[in-house]
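Turn these sequences into a full structure, and let the hints guide you.
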Amino acid sequence: MKPDYKFFQSDQLQLLLDTLQRTGFTCIGPQVRDGAIIFDRITSIEQLPRGIRDEQAPGSYLLKPDAAAKYFDWANGPQAIKPLLFSPREKLWLSQRSADGEISFETAEPELKPLAIIGARACDVAAMKIQDQHFLQQQYVDPYYQARRKNLLIVAVNCSHPADSCFCHSTGDGPFVDDSIDSGADIVLTELQHGFLISAGTDQGENILLNLSLLDSTKEQLAESESIAANAAKQKRQLPAIDISSQLMKELDNDAWHNIASRCLSCGNCTAVCPTCFCHSENDVAELDGKTSSHYREWDSCFSQGHSYIHGITIRSETSQRYRQWLTHKFSSWHDQYGRSGCVGCGRCITWCPVGIDVTESITQLVERRRA
Amino acid sequence: MPKPIHNPYLPDEAIILERIQEAPNLFTLRLKFSDEKVQHSYEFEPGQFNMLYLYGVGEIAISIVSDPEDSHIIDHTIRVVGRVTKGMTNLKPGDRIGIRGPYGRGWPMLESKQKDVVIVTGGLGCAPVVSVINYIEQRRDEYGRLNILQGVKHTADFIWKTRYDKWRELADTKVLLAADVGEAIWPWHIGPVTTLFDQLEFNSDNVIVMMCGPEGMMRVVCDHMLDHSVPASQIYLSMERNMQCAVGHCGHCQYGSQFICKDGPVFSYDKVHTLFANKGF
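From first to last, the protein sequence lines stand for chains E and R. The numbering of the first sequence is this note's numbering, which starts it at 1248 and goes up by one. The numbering of the second sequence is this note's numbering, which starts it at 99 and goes up by one.
Quick caveat, the hints were computed from the structure, so don't treat them as lab data. Careful: at least some of the hints might be erroneous.
To be verified - In silico lysine-lysine, DSBU-like type, Cα no more than 35 Å apart, as pairs:
#1 K135/R - K360/R
#2 K130/R - K1338/E
#3 K369/R - K1376/E
#4 K1360/E - K360/R
#5 K1538/E - K360/R
#6 K1538/E - K135/R
#7 K1497/E - K360/R
#8 K135/R - K1338/E
#9 K1397/E - K135/R
#10 K377/R - K1497/E
#11 K184/R - K1538/E
#12 K1338/E - K190/R
#13 K360/R - K1397/E
#14 K190/R - K1538/E
#15 K360/R - K1338/E
#16 K377/R - K1376/E
#17 K369/R - K1497/E
#18 K1376/E - K360/R
#19 K184/R - K1338/E
Unchecked claim - Below, a sample of chain R positions facing chain E; criterion: calculated Cβ distance under 8 Å:
#20 V345
#21 S355
#22 K360
Note that the Cβ used here is the ideal one computed from N, Cα and C, for glycine as well.
Here it is, written out as structure tokens:
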């Protein structure tokens, strides 16, 4: 069922931020830093990347001023929700050793601090749902992810100007949040010419909306929103419209893997910016006092040398094997494990690849001969 | 601080009761949780593994070789290969380590009851199936004919001779040993383990095959068994991959549709056959 859309003028946006902060949330929002849109602490809408557009292409990301002066006319930056829930590096526990050799263990679960992220995209929200499945809905619940997830509120903003690298329309994850289902977003905004449509996706979001003075939306405003959605769905890139999951597994010996690998630097940028990649390694850092040792986990990548290491053997010594591992997991095995593809079409792996490898092109190349 | 029951990442302290040097680079640690309550509530099945933590160094996944009904003690046979196992060689009785577990799915001991059992191993020690043999030894009349087929590269790699001698004495049990490269005093077969297949005694309608070792060897065994009308669902193998979390989160052991740590490490062949022995997975 579609939610009830309300409306507020653009100059009321600060009130949303204020309301969230007054209700105890620390706000995280998009802002320009080092030539990219990143997500960090915000207190004022002045910090938002207003009047900024992003030009994205394989291996290229460029911000440019835009005459329209809207707040959310850009597509995305290298990260959004993932680092807030699945920390790039965090302490899991620490162990202490007494003088007589006894060892005790203490968990290091994060302190609970309510966070609100403003400006997440439909692709980011879809990716979060996937990470929820991985960390919370399998045999074991991850207490670190869970603690953060319970304290996160999401204000998603529908995407009006996807970048050239985007293909969320073909994965079915964007450019607008699917608000007819439980999307994962607490509040959804659509930025119009002179204001915002706003709707709640959860009870928590509904409570925030009650604190705002909102107007009923008009037919014209809803039509404007629909036209933005239709335009944003016209994307330059797309995935081949075939059953990629099963076709890809028939191409394990395809020469194209070697072709792609001859360009791939195995740097792991794609997996770092991917909002669904969850691989991490664990390591121990012994303190200098000799009495304590901290056990950490940090993001790892299936493109790293150590990822497939086991008792003296590296299972994936070749770059072609690592690329194949990544792609077949994301687009094929993922279906078996989580009931959908692991790709939400955000296009980050294309933009942030230093040599511009385009995942949509790779897949097309691999399954080409199987297309009708 | 009490351990929160929901945190699957947090180890418990265990104490080393005994250390047995099995071979130059292989030793067994006999362990017990320091906390009686933890020890008491600890249950596992053959084929499952624990994450062992060496203070200040890190964790490794090691299979459990003791009997699940022996609730006083947990045995781990460890081969020295990396940083953690190297550090563990210096442990003595009374020293402490961390243990969390058990993890994964073990061998089909219930499904195997009253069936013939073929156990094939290759390489050093092969601790994961030793637990199976011990288990059957303790409950010999609950299982059919037992075939133990062990292949090693070189005769010098053969360990636990006394155990094999003991198993040979069991009722209805056949122990077959082969070395790729032999020497004068090796009394058994010289050649690949596959050349002993014809001597196995089992009924293909009523058999469970269990194996561990190099994937190339296991692949050959699978093919042979399938050729002899043993269904893929009755052939089990223990897989190994990099494991860091043991709870299906860290991604290192993802193997097609499976995470080896939680969906395995023991799989029936039909669960893994599409990628099995495919280099790079």
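Verification of the hints:
Distance restraint check for K135/R and K360/R: the Cα-Cα separation of roughly 25 Å lies within the 35 Å cut-off, and the hinted pair is therefore satisfied. With a CA separation close to 27 Å, the supplied pair K130/R and K1338/E stays within the 35 Å bound. Under the criterion of a C-alpha separation no larger than 35 Å, the hint pairing K369/R with K1376/E is consistent with the structure, at around 27 Å. A distance of roughly 32 Å separates the Cα atoms of K1360/E and K360/R; the hinted pair therefore holds under the 35 Å criterion.
Distance restraint check for K1538/E and K360/R: the Cα-Cα separation of roughly 33 Å lies within the 35 Å cut-off, and the hinted pair is therefore satisfied. This hinted pair checks out: K1538/E and K135/R have alpha carbons roughly 26 Å apart, not beyond 35 Å. Between the alpha carbons of K1497/E and K360/R the distance comes to roughly 26 Å, so the proposed pair stays at or under 35 Å and holds. A threshold of 35 Å between alpha carbons decides the hint, and for K135/R with K1338/E the separation of about 27 Å falls inside it, so the pair holds.
The suggested pairing of K1397/E with K135/R holds, with an alpha-carbon distance near 32 Å, which does not exceed 35 Å. About 15 Å separates the Cα atoms of K377/R and K1497/E, which keeps this hinted pair within 35 Å; it holds. Note on K184/R and K1538/E: the hinted pairing holds, with a Cα-Cα distance of about 21 Å set against a maximum of 35 Å. Distance hint between K1338/E and K190/R is fulfilled; the C-alpha atoms sit about 29 Å from each other, no more than 35 Å.
For the given pair, K360/R sits about 25 Å from K1397/E by alpha-carbon distance, which is consistent with the 35 Å threshold. For the hint linking K190/R to K1538/E, the alpha-carbon distance of about 19 Å falls within 35 Å, and the restraint holds. A C-alpha spacing of about 23 Å is found between K360/R and K1338/E, which places the hinted pair at or below 35 Å, so the restraint holds. For a cut-off of 35 Å, the pair hint linking K377/R to K1376/E stands: about 32 Å separates their Cα positions.
Our distance criterion of 35 Å between C-alpha atoms is met by K369/R and K1497/E, whose separation comes to about 17 Å. With a CA separation close to 22 Å, the supplied pair K1376/E and K360/R stays within the 35 Å bound. Using a Cα cut-off of 35 Å, the hinted pair K184/R and K1338/E holds, with the two alpha carbons roughly 25 Å apart. Interface hint at V345/R: satisfied, since its Cβ lies 4 Å from the closest Cβ of chain E, which is below the 8 Å cut-off.
The closest approach between the C-beta of S355/R and any C-beta of chain E is roughly 3 Å, which is under the 8 Å cut-off, so the hint is satisfied. For K360/R, the suggested interface contact is upheld, since its CB lies about 6 Å from the closest CB of chain E, less than 8 Å.
Figure legend: structure checked against the earlier numbered hints; every hint is met.
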